[in-house]
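Asker: Chain by chain, the residues:
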Amino acid sequence: MLIIKNLHAEVEGKQILKGIDLTVNAGEVHAIMGPNGSGKSSLAAVLAGRENYEVTEGKVIFEGKDLLGMAPEVRAREGVFLAFQYPIEIPGVSNINFLKTALAEIRAYKNLSPLDAKEFLQLSREKQKLVEFDAKLVNRSLNEGFSGGEKKRNEIFQLAMLEPSLAILDETDSGLDIDALRIVSKGVNQLRSEKNAFIIITHYQRLLEYIVPDFVHVLYDGRIVKSGTKELALELEEKGYDWLKEEAREKEVSTT
Amino acid sequence: MANDNEIIDNIANKEYEFGFVTDIEMDVAPAGLNEDTIRYISEKKREPEWLLEWRLKGLQAFGRQKLPDWQNFELPAIDFQKISYYAAPKSKKKYDSLDQVDPELLATFEKLGIPLSEQKALAGVAVDIVFDSVSVKTTYKEKLKELGIIFCSFGEAVQEHPELVKKYVGSVVPYSDNIFAALNAAAFSDGSFVYIPKGVRCPMELSTYFRINTENTGQFERTLIIADEGSYVSYLEGCTAPMRDENQLHAAVVELIALENAEIKYSTVQNWYPGDKEGKGGIYNFVTKRGICKGANAKISWTQVETGSAITWKYPSVILQGDHSTGEFYSVAVTRNKQIADTGTKMHHIGRNTRSRIISKGISAGQGQNSYRGLVQIGPKADEARNFTQCDSLLIGDRCGAHTFPYIESKNNTATVEHEATTSKIGEDQIFYLNQRGIDSEKAVALIINGYAREVLNQLPMEFAVEAQKLLSITLEGSVG
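Quick mapping for you: the protein sequence lines, in order, are chains A and B. Letter 167 of the first sequence, counting from 1, is numbered 167 in the numbering used here, and no numbers are missing. Letter 192 of the second sequence, counting from 1, is numbered 192 in the numbering used here, and no numbers are missing.
Hints are not guaranteed to be accurate.
[Claimed, not checked] Straight line, CA to CA, 25 Å or less: simulated SDA-like cross-link-like pairs of lysine to any residue: (1) A/K100 <-> B/K470; (2) A/K118 <-> B/E467; (3) B/K470 <-> A/Y86; (4) B/K425 <-> A/I88; (5) B/K425 <-> A/S141; (6) B/K443 <-> B/V466; (7) A/K100 <-> B/Q469; (8) B/K443 <-> A/Y86; (9) B/K443 <-> A/A71; (10) B/K443 <-> A/L112; (11) A/K195 <-> A/P114; (12) B/K443 <-> A/E89; (13) A/K59 <-> A/A26; (14) B/K443 <-> A/R140; (15) B/K166 <-> B/E53; (16) A/K129 <-> A/S174; (17) A/K118 <-> B/K443; (18) A/K118 <-> B/Q469; (19) A/K100 <-> A/I88; (20) B/K470 <-> A/F146; (21) B/K443 <-> A/L123; (22) B/K425 <-> A/N52; (23) B/K425 <-> A/F146; (24) B/K57 <-> B/N34; (25) A/K136 <-> B/N458; (26) A/K118 <-> B/N458; (27) B/K470 <-> A/R107; (28) B/K425 <-> A/Q85; (29) B/K443 <-> A/G69.
Honestly, the hints are just simulated from the structure, not real lab data.
Could you build all of it, start to finish, from the sequences and the hints given here?
Answerer: This is the structure in structure tokens:
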């Protein structure tokens, strides 16, 4: 589904990603962990097409197509979804109206006609239930005045509504209390299928207790320095990142 | 539906049946403003002596008045002597087919979803519709007549209801009010007249769209609306389609009178030619609009969506004379390229327990300049008067400007006056967030803008609101890089 090859990217002339290789297949959940500033969120931003990131080398193939050549909205329509670390507030635009527009755009891209009001409402109810999203929030202005937890849950609700093939969750667990974390994880688990894939960016192993990944990668200084299965996350929890940093440095010395 | 549109179309394009137009089609007064011109206009319109005298007083006032100097823009030089103050409407259409019309204008029509026949009419193409609209128009008129509602041109009202016109004209906006009001009093061409009798709720939105040929809106329009005790009327001015007009200066006057327990809702969508990208050739829209809540419990509500004109300069106001009366002002003003808007409202609280509410949303893009200017005045007898003002500015890009000039004068210490103001920018973050959900940047901006203006758009009658929403999106198309 997603093939990232030797991806290099920079922001304002500063190199952030220094050669990422990653392959994600349908049905898989990949966790990306790593210390602060290692480039986790930058990877998410580059995949989603944020303007201020410049790709200097490498390529990203999504379902056989060159992802980096697409505008952000086209990537979204192709099926790339980013759950934002800090969801944006848009006053006066109702949550449901926004979703209706988004869904219609995505459907139009796939040559599907928009759902009629009744179908849309039905879908919305179904998905609200699936991810336990508060019906009261559905008609409010998009994220305006939502609590941190409500915003994150809204991301998962949108994810459920838009049904992307690849969902990137950028620190969705940050700022969530244990109950909200459980609800968010449950939502994600409900949405997991053989047809879609998840990239879960997180600091902590905690989230991975609820959403069990197939693979765990550790990002450090713009590179994936270690990959493994869920046991790697537990090892990190126990030992921290320092031993990996050490390993990475040694590796660098030996290669140069 | 197509039939409905054709009906509207046909009515809008019919030669003006009443008043002065048909019989003096070829007459044009020589340019210049003087007593002779005024006498000429008055005579052509077969006006009674008292109205001629009133016009002449307006002319004198005009001579005494100076152009204001307090506005937040440079007032372009206007040569009042170069304007022709009386011209019969053009009977000749400008084009023979749509192929000859500016493609940019046609593209806009397309986006607004204006039917083809209507497009032709608005662009000034000759339309031949073999369609009998007389019955439709009659039904419409009959229904209003049954209820005793008078809805006609100002000129017609002067002929048929002189007592009402005489009683109320100039009673809210006197001929000496300001230089443009004086100019209008002296030289007003025509306009609308509405009278709603006691206790009658007007069953439909009254719109000039039904009454006059849109091509001849007139340079110095005068509108007078009287809602008698316990009545209600909703009046719509303008339309969302772009209006091309040869006249550069528009100085209209609108007077609203709401008697005891009456309510007037006045909605405007203004989309006149804003000029080219350099601002050349656009309309100067200098309008005096004022209403009076004369009796207790009266209510006047102004709603405006201003997207056109090179310069918009107006302050729809309410005099809250009757106890417990209410004044409202809801406004969205958009400026882009080099457009200027200096607009707002005045709420004069005179009666006890009077209330006013002001919601102003300015949107500036390009090099547009947007000023909110408002006055809330609480008189010594206005016990327990209340005002709430919210005044928001939205900036798109970094070369535009938003300015706020709120004035509050209170002579009564039991009054409550609240003022809230915000200034924000459309953030790249907001656009990217919407992009990431599959929405392109144009649509994203449209969504954000409409969300921002929601509170005002909600005040418009349903169909108008939908059109206005589209208009806002189209107006700001291409504003975000």
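Asker: Each hint should be assessed against the structure and marked as holding or not.
Answerer: Hints and how they fare:
1. Pair hint A/K100 plus B/K470 holds up; C-alpha atoms about 17 Å apart against a cutoff of 25 Å.
2. Restraint check: the Cα-Cα separation between A/K118 and B/E467 comes to about 24 Å, which is no more than 25 Å; the hinted pair holds.
3. A distance of roughly 30 Å separates the Cα atoms of B/K470 and A/Y86; the hinted pair therefore is violated under the 25 Å criterion.
4. At roughly 14 Å between alpha-carbon atoms, B/K425 and A/I88 fall within 25 Å of each other, so this suggested pair holds.
5. Between the alpha carbons of B/K425 and A/S141 the distance comes to roughly 18 Å, so the proposed pair stays at or under 25 Å and holds.
6. Distance hint between B/K443 and B/V466 is fulfilled; the C-alpha atoms sit about 15 Å from each other, no more than 25 Å.
7. About 17 Å separates the Cα atoms of A/K100 and B/Q469, which keeps this hinted pair within 25 Å; it holds.
8. Under the criterion of a C-alpha separation no larger than 25 Å, the hint pairing B/K443 with A/Y86 is consistent with the structure, at around 22 Å.
9. Distance check on the hinted pair: B/K443 and A/A71 sit about 14 Å apart at the alpha-carbon level, within 25 Å; holds.
10. With a C-alpha separation of about 19 Å, the suggested pairing of B/K443 with A/L112 holds against the 25 Å cut-off.
11. Among the hinted pairs, A/K195 with A/P114 is consistent with the structure: their alpha-carbon atoms are about 23 Å apart, no more than 25 Å.
12. For the suggested pair B/K443 and A/E89, the alpha carbons sit about 17 Å apart, so the restraint of at most 25 Å is met.
13. For the hint linking A/K59 to A/A26, the alpha-carbon distance of about 19 Å falls within 25 Å, and the restraint holds.
14. Proposed proximity of B/K443 and A/R140 is supported: the alpha carbons are some 20 Å apart, at most 25 Å.
15. About 12 Å separates the Cα atoms of B/K166 and B/E53, which keeps this hinted pair within 25 Å; it holds.
16. Our distance criterion of 25 Å between C-alpha atoms is met by A/K129 and A/S174, whose separation comes to about 23 Å.
17. With a CA separation close to 24 Å, the supplied pair A/K118 and B/K443 stays within the 25 Å bound.
18. Using a Cα cut-off of 25 Å, the hinted pair A/K118 and B/Q469 holds, with the two alpha carbons roughly 23 Å apart.
19. Taking the CA atoms of A/K100 and A/I88, the gap is near 17 Å; set against the 25 Å cutoff, the hint holds.
20. The suggested pairing of B/K470 with A/F146 is violated, with an alpha-carbon distance near 28 Å, which exceeds 25 Å.
21. Note on B/K443 and A/L123: the hinted pairing holds, with a Cα-Cα distance of about 23 Å set against a maximum of 25 Å.
22. With a CA separation close to 18 Å, the supplied pair B/K425 and A/N52 stays within the 25 Å bound.
23. At roughly 20 Å between alpha-carbon atoms, B/K425 and A/F146 fall within 25 Å of each other, so this suggested pair holds.
24. A C-alpha spacing of about 12 Å is found between B/K57 and B/N34, which places the hinted pair at or below 25 Å, so the restraint holds.
25. A C-alpha spacing of about 21 Å is found between A/K136 and B/N458, which places the hinted pair at or below 25 Å, so the restraint holds.
26. Only pairs whose Cα atoms come within 25 Å are accepted, and A/K118 paired with B/N458 is accepted, the gap being roughly 23 Å.
27. At roughly 22 Å between alpha-carbon atoms, B/K470 and A/R107 fall within 25 Å of each other, so this suggested pair holds.
28. A C-alpha spacing of about 21 Å is found between B/K425 and A/Q85, which places the hinted pair at or below 25 Å, so the restraint holds.
29. Restraint check for B/K443 and A/G69: satisfied, since their Cα atoms lie roughly 21 Å apart, inside the 25 Å limit.
Of the numbered hints stated above, those contradicted by the structure are hints 3, 20, listed in ascending order.
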